[in-house]
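Numbering-wise, UniProt numbering puts 137 at position 137 of the sequence shown, and it's gapless, one number per residue.
In case anyone wonders, no lab produced these hints; they're calculated from the structure. Beta carbons are placed, not taken as given, at the ideal position from N, Cα and C, and that holds for glycine. Don't take each hint at face value.
Unchecked claim - For lysine-lysine, the following DSBU-like pairs were computed, each having C-alpha atoms within a straight-line distance of at most 30 Å:
| hint | residue 1 | residue 2 |
| --- | --- | --- |
| 1 | K167 | K112 |
| 2 | K172 | K2 |
| 3 | K298 | K222 |
| 4 | K72 | K112 |
| 5 | K189 | K214 |
| 6 | K115 | K72 |
To be verified - Distance ranges between label pairs, derived from CB positions:
| hint | residue 1 | residue 2 | range |
| --- | --- | --- | --- |
| 7 | H142 | D96 | 18 to 26 Å |
| 8 | F203 | K127 | 16 to 24 Å |
| 9 | G256 | K72 | 23 to 31 Å |
| 10 | G128 | T79 | 35 to 43 Å |
| 11 | Q16 | K75 | 27 to 35 Å |
| 12 | V236 | P21 | 25 to 33 Å |
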Amino acid sequence: MKILNFGSLNFDYVYQIQHFPSPGETISALNRKRFFGGKGLNQSIAVQSSGYPIFHAGQIGQDGNDLINVLKKHKIDTTLINICDIPTGHAVILIDSSGENCIVLDGGANQKITKDYADSVLEHFEKGDILILQNEINCLDHIINQSAKRGLNIVFNPAPFNKNVLKLPLEKIQYLCMNTTECLGISGKKDIKSAISWLLTNFPETHLLITLGKHGCIYIYKNTVLSYGIYNVPVVDTTAAGDTFIGYFIGRLALGDSIEKSLETASRASSLVVSKAGASNSIPTIEEVFSSDIKYQKPDILPFNF
Numbered sequence: 001m002k003i004l005n006f007g008s009l010n011f012d013y014v015y016q017i018q019h020f021p022s023p024g025e026t027i028s029a030l031n032r033k034r035f036f037g038g039k040g041l042n043q044s045i046a047v048q049s050s051g052y053p054i055f056h057a058g059q060i061g062q063d064g065n066d067l068i069n070v071l072k073k074h075k076i077d078t079t080l081i082n083i084c085d086i087p088t089g090h091a092v093i094l095i096d097s098s099g100e101n102c103i104v105l106d107g108g109a110n111q112k113i114t115k116d117y118a119d120s121v122l123e124h125f126e127k128g129d130i131l132i133l134q135n136e137i138n139c140l141d142h143i144i145n146q147s148a149k150r151g152l153n154i155v156f157n158p159a160p161f162n163k164n165v166l167k168l169p170l171e172k173i174q175y176l177c178m179n180t181t182e183c184l185g186i187s188g189k190k191d192i193k194s195a196i197s198w199l200l201t202n203f204p205e206t207h208l209l210i211t212l213g214k215h216g217c218i219y220i221y222k223n224t225v226l227s228y229g230i231y232n233v234p235v236v237d238t239t240a241a242g243d244t245f246i247g248y249f250i251g252r253l254a255l256g257d258s259i260e261k262s263l264e265t266a267s268r269a270s271s272l273v274v275s276k277a278g279a280s281n282s283i284p285t286i287e288e289v290f291s292s293d294i295k296y297q298k299p300d301i302l303p304f305n306f
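Given the sequences, and given the hints that come with them, work out the whole structure.
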């Protein structure tokens, strides 16, 4: 069984500033850092780190070789990545002295994926293989439909959530992995319990995996309801925590771990991520996860009764 992540690849440019500029104002940055990002890149690194090999497909520009190199550093197969003449996706992130931020995102090559390229990627995979998707590339409806025809098991993380998600053939997805914002957005409900009930009614054949912040996570499939808490760690940076959780969960599940054990390992891994600064560079190895000495806290409000 093979795992493919057809996902985004971005450069994140982070500028530290004293204050946000007013219209017409020019200010100087205190410093600038470049990070390798994109939910796709983060989730691929998390799957690979969990111990299961992964193929990454996606699109970058001629300026994106550093992204391929960071994936190769983690021993991720990059042979399916397409290099085009459109600049690589990037984000400009301004952070002021109080820690508030403003972000401008340019999807770049991530948003110019063609059906022909998507088909050329999918022809390498067959029934029973796993496909991981996020909402940071275009052509998702075509990719989902063609993957379903091939019998792939589709894992979809509808992040960042927007109304385009509601136009996708979500009934063809096997695993819907989301946080509370995305859960509420898809369902149109105002509270998480109503949202989950709506999802169970409308997608009865879908595995639901929902992260609930300080309340841990909940997994629901038909009559199975499982919850898992969090680990008490000092929170430094939550970037990539959700991506790490999803990647580790799918990776460990593919390795044959039970749902319960996969939830435990994914929760440990994502907790270690938030205790460090950074994104993809903070994703732990499986050895670090298993050797970590962090205290577990049971969920205080779960499971819900449905």
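Each hint, compared with the structure:
1. For the given pair, K167 sits about 19 Å from K112 by alpha-carbon distance, which is consistent with the 30 Å threshold.
2. At roughly 19 Å between alpha-carbon atoms, K172 and K2 fall within 30 Å of each other, so this suggested pair holds.
3. Between the alpha carbons of K298 and K222 the distance comes to roughly 23 Å, so the proposed pair stays at or under 30 Å and holds.
4. Pair hint K72 plus K112 holds up; C-alpha atoms about 23 Å apart against a cutoff of 30 Å.
5. For a cut-off of 30 Å, the pair hint linking K189 to K214 stands: about 21 Å separates their Cα positions.
6. At roughly 26 Å between alpha-carbon atoms, K115 and K72 fall within 30 Å of each other, so this suggested pair holds.
7. In this structure the supplied range 18 to 26 Å is violated for H142 paired with D96, their Cβ-Cβ distance being about 41 Å.
8. Remark: the range hint 16 to 24 Å for F203 to K127 is upheld by a beta-carbon distance near 21 Å.
9. Our hint of 23 to 31 Å for G256 and K72 holds, since their Cβ atoms are close to 27 Å apart.
10. Between G128 and T79 the beta carbon distance is about 21 Å. The supplied range of 35 to 43 Å is therefore violated.
11. A C-beta distance of roughly 33 Å is found between Q16 and K75, which places it inside the suggested range of 27 to 35 Å.
12. Hint check: V236 to P21, Cβ distance near 28 Å, so the stated range 25 to 33 Å holds.
Hints 7, 10 from the list above are not met by this structure, while the remaining hints are.
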